[in-house]
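Engineer: Using my numbering, the first residue of the sequence shown is number 2, and each one after it goes up by one.
Watch out, some of these pointers could steer you wrong.
Said to hold, decoys possible - Quick list of in silico lysine-lysine cross-link-like pairs, BS3-like style, CA-CA up to 30 Å:
(1) K140 <-> K155
(2) K276 <-> K140
(3) K527 <-> K276
(4) K527 <-> K281
(5) K441 <-> K54
(6) K155 <-> K537
(7) K140 <-> K281
(8) K274 <-> K537
(9) K140 <-> K274
(10) K467 <-> K97
(11) K484 <-> K467
To be verified - Simulated DEER-style distance windows between Cβ atoms:
(12) E495 <-> V346: 58 to 64 Å
(13) Q114 <-> N324: 21 to 27 Å
(14) D451 <-> E386: 52 to 58 Å
Hint data in this document are derived by calculation from the structure and do not stem from the laboratory.
Don't be surprised by glycine CBs; every beta carbon is placed ideally from N, CA and C.
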Amino acid sequence: MQALQCAAGGNVNVEMNAAPGVDLTVLLGNMRAEYEALAEQNRRDAEAWFQEKSATLQQQIFDDAGAATSARTELTEMKRTLQTLEIELQSLLATKRSLECSLTETEGNYCTQLAQIQAQIGALEEQLHQVRTETEGQKLEYEQLLDIKVHLEKEIETYCRLIDGDGKRLGSCGGAGSVRLSGGEASFGAGNACGVPGIGSGFSCAFGGSSAAGGYGGVLGGGSASCATFTRNENGLLSGNEKVTMQNLNDRLASYLENVRALEEANADLEQKIKGWYEKFGPGSCRGLDHDYSRYFPIIDDLRNQIIAATTSNANVILQNDNARLTADDFRLKFENELALHQSVEADINGLRRVLDELTLCRTDLEVQLETLTEELAYLKKNHEEEMQALQCAAGGNVNVEMNAAPGVDLTVLLGNMRAEYEALAEQNRQDAEAWFQEKSASLQQQISDDAGATTSARNELTELKRTLQTLEIELQSLLAMKHSLECSLTETEGNYCTQLAQIQAQIGALEEQLHQVRTETEGQKLEYEQLMDVKAHLEKEIETYCRLIDGDDESCVKSKGHGGPGSQIKDSSKTAIVKTVVEELDLRGKILSSRVHTIEEKSTKPNNKSEQRVPS
Numbered sequence: 002m003q004a005l006q007c008a009a010g011g012n013v014n015v016e017m018n019a020a021p022g023v024d025l026t027v028l029l030g031n032m033r034a035e036y037e038a039l040a041e042q043n044r045r046d047a048e049a050w051f052q053e054k055s056a057t058l059q060q061q062i063f064d065d066a067g068a069a070t071s072a073r074t075e076l077t078e079m080k081r082t083l084q085t086l087e088i089e090l091q092s093l094l095a096t097k098r099s100l101e102c103s104l105t106e107t108e109g110n111y112c113t114q115l116a117q118i119q120a121q122i123g124a125l126e127e128q129l130h131q132v133r134t135e136t137e138g139q140k141l142e143y144e145q146l147l148d149i150k151v152h153l154e155k156e157i158e159t160y161c162r163l164i165d166g167d168g169k170r171l172g173s174c175g176g177a178g179s180v181r182l183s184g185g186e187a188s189f190g191a192g193n194a195c196g197v198p199g200i201g202s203g204f205s206c207a208f209g210g211s212s213a214a215g216g217y218g219g220v221l222g223g224g225s226a227s228c229a230t231f232t233r234n235e236n237g238l239l240s241g242n243e244k245v246t247m248q249n250l251n252d253r254l255a256s257y258l259e260n261v262r263a264l265e266e267a268n269a270d271l272e273q274k275i276k277g278w279y280e281k282f283g284p285g286s287c288r289g290l291d292h293d294y295s296r297y298f299p300i301i302d303d304l305r306n307q308i309i310a311a312t313t314s315n316a317n318v319i320l321q322n323d324n325a326r327l328t329a330d331d332f333r334l335k336f337e338n339e340l341a342l343h344q345s346v347e348a349d350i351n352g353l354r355r356v357l358d359e360l361t362l363c364r365t366d367l368e369v370q371l372e373t374l375t376e377e378l379a380y381l382k383k384n385h386e387e388e389m390q391a392l393q394c395a396a397g398g399n400v401n402v403e404m405n406a407a408p409g410v411d412l413t414v415l416l417g418n419m420r421a422e423y424e425a426l427a428e429q430n431r432q433d434a435e436a437w438f439q440e441k442s443a444s445l446q447q448q449i450s451d452d453a454g455a456t457t458s459a460r461n462e463l464t465e466l467k468r469t470l471q472t473l474e475i476e477l478q479s480l481l482a483m484k485h486s487l488e489c490s491l492t493e494t495e496g497n498y499c500t501q502l503a504q505i506q507a508q509i510g511a512l513e514e515q516l517h518q519v520r521t522e523t524e525g526q527k528l529e530y531e532q533l534m535d536v537k538a539h540l541e542k543e544i545e546t547y548c549r550l551i552d553g554d555d556e557s558c559v560k561s562k563g564h565g566g567p568g569s570q571i572k573d574s575s576k577t578a579i580v581k582t583v584v585e586e587l588d589l590r591g592k593i594l595s596s597r598v599h600t601i602e603e604k605s606t607k608p609n610n611k612s613e614q615r616v617p618s
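With the hints as extra help, turn the sequences into a complete structure.
Structural biologist: See below:
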């Protein structure tokens, strides 16, 4: 306007007849006010859009920060749980090692105990075998002793018949003999001679035998006895001392026979017990099979090897199952991770779609605003053209202008410049607002990107920790199952070994009881044998006394002749008789242990019927 005023500053004389024109200053002021209002409106709209976008980004940042905080908290909890599980895993591994060591030590101890018990059982069985062998030998020797006893009883009955039936004889009878007994064999030789009435009869015998009974504590040794010569006087009666001695000898012999019968009964009882024991616990009995487990050892070893092989295969199957389960869990974890990543990508895509929708809405809004501004610009151009046309029409009357001034300024150019200036100003405001928005949103986008990266890393770390936690839980469960199986194996092993030990202890107790019973019976048999040996010694002393009495009798006259066994020699004449009696003790092999010779020399005369006896020293 100032330019127009300056341009019209010359002297102008206008004479016109026209309608009053439009005030151009007012129009330009209105145009400036409209452009300024439009620029202000655009600025306010840009600020509102920026505030809205900033609020959205702030909300997203807040959400990401909350998610990152929760992820960090969960990560801390998972780390704490992981440490707890690792500690528990280490304790379970230590418990597993201790259980394996305990199982190995228990098996070693029980194997040592079983070896010791097997050695003890072997020693007991060896002792029992020795007892059986010695008992068999005792049985054989006892049978030999029974044979000897039968022969002795027959000989004693013969002697008794000879003594009791010799009272009516008129002559004199004499005899000599010897008996040799060894190992169940007996030989007897006797001789007699009959003489004139009034002369007595005589006989002599000797026997020896040996018997042995083996066992723990007693051995039945050899024994010998002798029957001396019985002599009758002229009236058929014995003298006083000889009668008492004979009665004592008969009593001793009866007690000896009673002891022999008692020993026979004891041996029969022992034999029955041994037979019963053989029937119960012998190799061929059914009950012995319950205690003799030697034939089951190969079967037990085979079954133990089968159990070990089955346990190994079962452990391999369990290991393969665990490996397959771990592989399946690993694939499941990978699937879950991929699914989580897929879901997170879908969520990000959905978020980006929302952002894209918002940007599309903003673009549409801006396009609408652009169209509105374009329409306003077109409307303003149209109004301007109409105003210009109105102005031109208003100046269409007769105007005679005479002026003397400088050339005027083109108003169209001025308006175009003004329009360009305002458009440049609006574009500058728009670019400034966009640059300011880009600057503000860049920091927010960087913060969002950092938070998203931290959230992603936390999520990945959380996933790894979950996988590690699940692996540790699986390993923990497998170790717990292995611990339970080891405890069950340890308990079962202890139970089996305790049962075996109880059975073996019962077997050992039964064997010790049987051995104690055999020893007790052997001790009793030893005592009876000692008593029998004492009786034998007394009988031998009595027989020697009786022999001395017979050898020292100077008033008896005996005319005897006879023949005996080996070692006896008789020299007979009309006046002299020599009788030699040999008593020998033999062992089972026939060797002579001891030998005694009794020699009797008798001299007699026919006129006075007197006889003399001399025993050489």
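Engineer: All hints are to be evaluated individually against the structure, with a verdict given for each.
Structural biologist: So, going through the hints one by one against the coordinates:
1. K140 <-> K155: The hint holds at about 23 Å.
2. K276 <-> K140: holds, 11 Å
3. K527 <-> K276: holds, 20 Å
4. K527 <-> K281: Satisfied, since the Cα-Cα distance of roughly 26 Å is no more than 30 Å.
5. K441 <-> K54: holds, 11 Å
6. K155 <-> K537: Measuring from Cα to Cα gives roughly 19 Å; hence the hint holds.
7. K140 <-> K281: holds, 19 Å
8. K274 <-> K537: holds, 28 Å
9. K140 <-> K274: holds, 12 Å
10. K467 <-> K97: holds, 26 Å
11. K484 <-> K467: holds, 25 Å
12. E495 <-> V346: 58 to 64 Å: For V346 against E495, whose Cβ atoms are near 59 Å apart, the range 58 to 64 Å holds.
13. Q114 <-> N324: 21 to 27 Å: violated, 39 Å
14. D451 <-> E386: 52 to 58 Å: holds, 56 Å
Hint violations for this structure: number 13 only, all remaining hints satisfied.
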